[in-house]
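A.B. asks: The listed protein sequences correspond, in order, to chains C and F.
So for the first sequence, numbering that gives the first Met the number 0 puts the first residue at 0; every next one is plus one.
So for the second sequence, numbering that gives the first Met the number 0 puts the first residue at 0; every next one is plus one.
Do not take every clue at face value.
[Unchecked claim] Chain F regions said to be covered by chain C (calculated; three or more residues, Cβ under 8 Å):
no.	segment
1	201-211
2	246-257
3	297-311
4	341-351
5	462-472
6	525-534
[Claimed, not checked] Listed below are the simulated SDA-like cross-link pairs for lysine to any residue, each with C-alpha atoms no more than 25 Å apart in a straight line:
no.	chain 1	residue 1	chain 2	residue 2
7	F	Lys409	F	Gly197
8	F	Lys35	C	Pro103
9	F	Lys409	F	Val537
10	F	Lys35	C	Val23
11	F	Lys402	F	Leu391
12	F	Lys402	F	Thr518
13	F	Lys409	F	Val535
14	F	Lys35	C	Arg15
15	F	Lys35	F	Leu23
Honestly, the hints are just simulated from the structure, not real lab data.
Think of the CB as a built atom: it goes at the ideal place given N, C-alpha and C, for glycine as much as any other residue.
Residues per chain are reported as follows:
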Amino acid sequence: MASSRSTVRQLGTAVRALVVLTLVLGVGYPLAITGIGQVALPDRADGQPLTLDGVTVGSAIIGQSFTDADGAALSAWFQSRPSAAGDGYDGGGSSGSNLGPENPDLVAAVEERRAAVAAFEGVDPASVPADALTASASGLDPHISPEYAQLQVPRVAAERGLAESDVEALVEENTQGPDLGFLGEESVNVVELNLALARLDT
Amino acid sequence: MTLAAAIFPLLTVVAVLTAIHRPLGDYMARTFTAPKDLRVERGLYQVLGVDPASHQSWRSYLSGVLAFSAVGVFSVYLLQRTQAFLPYSLGLPAVPEGLAFNTAVSFVTNTNWQSYSPEVTLGYAVQAAGLGVQNFVSAAVGLAVAIAFVRGFVARRSGTLGNFWVDLTRALLRVLLPGAVLAALVLLAGGVIQNLNGFTSVTTLTGAAQTLPGGPVASQEAIKVLGTNGGGFFNANSAHPFENPSPWTSVLQVILMLAIPFSLPRTFGTMVGQRRQGFAILAAMGVIFLLSLTAVTLAELGGSGTAPQAAGAVMEGKEQRFGIVGSTLYATATTLTSTGAVNSMHDSYTALGGMLPMINMMLGEVAPGGVGSGLYGMLILAVVTVFISGLLVGRTPEYLGKKIGAREIKLASLYILTMPTLVLSGTALSFAVPALRADIDGTSILNAGLHGLSEVLYAFTSAANNNGSAFAGLTANTPWLNTALGVAMLLGRFLPMVFVLALAGAFAAQDGAPATAGTLPTDRVQSVTLLVGVTVVVTALTFFPVLALGPLAEGLL
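The following block holds chain F by itself, in its conformation from the complex (with noise of 0.2 Å):
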């Protein structure tokens, strides 16, 4: 491995996304902020009975974000407990109640856990009509809270943040349907299969028999990385050769991933009209990414543990056309956002390259963080930032002219809270209720020991996280695993929107305080580095102890 090889993946990377954000952040910006609406955008309105012109207040807008999520759980529940009546199903049956009701939930929160192996249980209509879509309106959701607390810090003295069904419509119509036409036209050109077959029968050279299997993937492929979805068309995501065929789509996956999200600090900066606070936030999200590169493809790179020592390198759960590189790129830009999907078994790395993608995930998913969620993540990390650093220096805590006061801090210490409340409660109560620590001892381990906890510590980070990533051993389809992290997703997903929205009322509320010479700026190397300080010391200090119970003890013991 020369050094060239190991850093031409990421040059090509931060190459595309340089050239792109600022038009694509721009694009967004003005979808969000233009006055005229499309005529196929009239058309839906007037089937929907929404005025385009109207305003909604936080709770309105709220109530829009859960009434839409709420039809969507209920939309794919059924739509797999009726599977067997619908076409093209392959012949497999109804999903049964608990892990339907868990993908329902997890495609819904743009998580997209499955407890479930695709090949075996689900055909192409609950696979198109149900995850599919929810693929694209989950990450459309995401995309329209972040604009709407956006619009919180422009707003002066207002009662409202824009309107939920305008801004789900451009979400979709104006941003991620033509983005994921063009991906998937691109990964088909790649090899991504796109076909109704089924599963097909053939006769190997040796003449034993293979079974192939089938489906419209590249259409589904391409949103799932764009929409920081990651639920894979088969068991294997993105390992799988008929997903992921080569090594350039997989870096065209990595780059389709963090397009958006690198993207909107952008969208930020130029609506709140001060390009040099998103490009703070942006450069703080990418000094991030960096660092938890470099450490996972250090640590998988070093290969150390029994097993990859004995093999000489780690590629048990790696391909041999992405190797080691093209594995642990993917993976710092599945967990560093929202999407989950995988080119290469994280149950099976190194310990210590294991405990990255998860402390990706325990930092709130906000280097760039998914559709949306990233942003306003970052955004909360900021606000946070901004009140410390005014507490130590004596000045009014001030962001973008608004003032962070009790009731401010209070829903972004809540946002702050609420997914390392749902991670160590659902793993702490996995392992101390008698009878779900045999569950999940018995069934649920694949990997005794240290391991062991590691794997159930991972599954719900991922699902607090709206991750969907796994140290895929784990098996997950047991009535314990289904409930407690179907709740940890929706809690994960929607707890933190209702403290975004409200937190961008309360700023909307305010007027705008200009800048002084008592305001702390917060577009500087200094205050990106505090931003990054806080990032990670908040993670660190709720996270090290049970870090220290699974991944630590299993890489440095």
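Isolated chain C, as found in the complex (with noise of 0.2 Å):
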């Protein structure tokens, strides 16, 4: 077969095409979008970084846990979902549960959390929406529903004796979307949200 020395002519091909579209596609293509990135648009390139007093404390849009050191929930914060990502919003192995629909575990732990947070919250347990309830898909999720929020509001403002309605309008303020007034739902920046609590501290 006449193409047998014409398949070894281009593997040569081929292996020359890597290497220039390596160099190409591989160094000077992310390099590039680096460059305009950290000059056009520093603090999103670097994940909007959030500060308190000049220091950093987290990032705009990555989830945080709101709990002590044992997972306790902290009454003085706005708690965020449960997450499947490490121990809780591990920012170095973000993950979902991926637990099925008729897993035994997630059947479970929902009807736990849906108790322990109505307790937490002096709450009915029918009144604790879905995503108070449900790990997010990458464990680390910044947002809660709006009801979910608004569940917390009379918790925080005790714990931290402000008016109700000084705390509802920093919910308000931390609401996001839908984008574009139709694209996506309705949530509340819990990073925030606490960010916003605790400035009002200092």
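Join these two chains into a complex; the hints should help.
C.D. replies: Take a look at the structure:
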């Protein structure tokens, strides 16, 4: 078959092509985009860091745990969703739980969370919304539903000695979306909301 | 959830695609038919030692595809094995052999199946110079093969299909790179990160420690979706806020996944000089897309199943900012193309909701499918449809003036049979061989019982279709799954390409038969309906039994 020589020749072409393309697409392209990002949009390119008194305390778009070292919820803070990333909101290991709809562990976890949230907030278990009971896809979800935020307002206000209306105003300020009025869900950014609370203290 | 909120994201996608598919489709047709080379291209051809004016037989074109892909596998494997010595590797060690093989094959075949967790496995050097490069070139290879196939319909008594190296170069420099630069900048503005910071440690508001990742993400994200690749920079893929920060970036990613595949029917119609034929292919793709999206959205909004009922909604494995509708739109786009990126975890979907992404892939990823592979997949189905309807009414089966004879229908049938054979035999072996089953049950499956079968079936479906998404509870980093899924990806990518190029060669050698009163039209509502019907029936007959054992049993019992 005459094409065997052609195959060998094409193998040489393939090696040369991949070397050139690796330099252009694998080195030049990402470095060019990095350069543009760092010059034109440094805050975005670096993940929208949040600062308190000049110290970086996290990212505006990566959720955090507001619990003590044992994982118990701290009552002075709005609580994030459950997280399957590491021990919770581990930015080094993003992950969902991947538990299936009939998985008994997931069913048990949902029921436990419903009871725990209801007790913590002092509300009817039936009023706890789904996002408070389920782990997100990334384990780093910075948002909760407006319903879950509303549920937490009286507890946070009481704990911090603030008027509920003032806390509600902060929730309102940190409610985002839907984008362009119709894309996605209305969501409350827990990290930015808690940062706003922290700023009241300083 | 109002009806408006449920359909506006889809309307946005449809509106943008409607606006761009004609100019983009025509641009691609010009790109691959223009006689002139750009100066930078001429320089590249000199380096490569390629004569851009020389045309290749289908065999020569194929050996170019295979040689280039083999070199790609070797390169990505080598980069992973030498990671410890590469810059910006974040102190990560060499990737073990089995995983490195699986990952190299995965990215060269446009699959982007990830047996590994990126944060703890791959530094920036391998991500950009290995995986990022393959994100570009694997899509360009798919596009080149599709264009060569279309040339088979156009050619009359010809022995050649064009030049692979020219098609590859033009696909990269004129289509994918400009598109990726544009997309990367928009994603960057939307909050997708782009830095070389590595992992940084911060003290959170409560005084706890949190690790935050960095990375050149926007550049990789852009080509990940535009090239229908799908491999996440992070484990959570497009659910990760640093990959996909907001609802609008998510919709943009859906548009980017669909942009080239939904424009290629126009390219096809323009190149064969019968735009109605391209529109018929587009219509069949669009009908399947809308039906599938509706089904999965209704299943997820319905929220059946014990855990979803207990929680009140299927928000396990979904991000608050996307909600259910933003998640199902992404899931449909990612599995009806060969992308496999996810912004929600399909493993935690309702049983029937999770079956839909699987069915999308089982259809052969043709609505609209991957970059290039979607078009040639749907055209193969069109050939089969013409053959069946020709037999039914006793007319000579012809498509675009090319006769569908014994050799042609054999090649088309081999194409159709490849993927189901890989999916079903891989799944069956995993459960039938006792040693493999012990490993699958003990190590790989996360959710025991019926859902566990679905996890394994999903994995082989994803690999053989070069999709890359997963029921991600499955632990795939085992010797058996790394090997078996690697083989499924290789054969699932390159066997169909062999049959497509052979068929293109057969068509190119034929003279064009003029349409007569005896020719069945292929650009009418009736023929589109037949095409959709054949696509669905072929899949249903092949996969109904195994679906009945997994997701159907879980969802209906």
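A.B. asks: Checking each numbered hint in turn, tell me which of them this model violates, lowest number first.
C.D. replies: 6, 7 and 8
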